[in-house]
Amino acid sequence: MRRYARSLLVLTGVAALSVGAAAAAPVASQLLGHPPDSRQPTPTPTPTPTVSVSSTVPPPAARIVVIGDSLSTGLGTSPDMAWPNLVRNGTSGGKRPLAIVDAAVNGSGYVSQGDGGSTFLSQVDGSVQKTTQMVLVFGSENDMGTDGSVLKEAVSKTLAEISAKAPDAKIVVVGPPSYTNAPEPARLQVRDEDRAAATEAGAVFVDPIQEQWIMGHAEELIGPDGDHPSADGQHYLQETMEKIILANLPE
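For the sequence shown, the residue numbers in mature numbering (1 follows the signal peptide of the UniProt record, and there is no 0) are -23 to -1, 1 to 228.
Keep in mind the hints are simulated off the structure, nothing from the lab. Hints should not be assumed to be uniformly reliable.
Said to hold, decoys possible - Simulated restraints on C-beta separations:
#1 G125 / K72: 37 to 45 Å
#2 I221 / N158: 16 to 24 Å
#3 Q106 / D169: 29 to 37 Å
#4 Q187 / S140: 22 to 30 Å
#5 N158 / E216: 18 to 26 Å
Claimed, not checked - Using 20 Å as the maximum straight-line C-alpha spacing, the simulated PhoX-like pairs for lysine-lysine come out as follows:
#6 K72 / K147
#7 K72 / K220
#8 K142 / K107
#9 K147 / K134
#10 K107 / K134
#11 K72 / K107
Beta carbons: idealized from backbone N, C-alpha and C, even for Gly.
Make a model of the complete structure from these sequences and hints.
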């Protein structure tokens, strides 16, 4: 019995020492300057969202050349009022900036020579570059009276030169308008030859006669000379041409 009691006493003492040591460990840790281990799992950092700037950067200005006659120079108003200048400076809704070169010259046509001997072909040679994205050719009633085959050949040559100088450019051919609903046969012939050559060249053709541009509104849209747009007429052309340009711009 004494041996058993002695063993029990030893075991009890060892247990008491173990409990005391365990209880004293935090105190000793604090006394030595080491706080108790209270580490928690490290939280996973939240990724910072990436902000895309592509939606805030405006697209580059589309490079466009206008070939034409006095309907595109502002004759009857002023160069500042010419529809190409109005489109360049006031694109509706800011849909896309347009860098427009207005190469039009008074009196010009595909065959007709205007100021300084200018024709639509010479305008192309002086303004269209490889980086041009669209060429819009407007007119011309100045070619009225020209033999049909001669006119078509001149149109085809002009469009071929555009394609040679700017292979990736979109070509839009706009025929001559009529201010009445009874256009002269010579005006219709110019329209027909323009359209035939444009179709063969794969260009877009717009027919102001069929679409009745200005018809019934010439009193407000055409100036006192009866031929050239008034200020209101230039704004009409601005709105009309702008829609054509934006609808046909390459992506």
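Check each numbered hint from earlier against the structure, then list the numbers of those it violates in ascending order. 11
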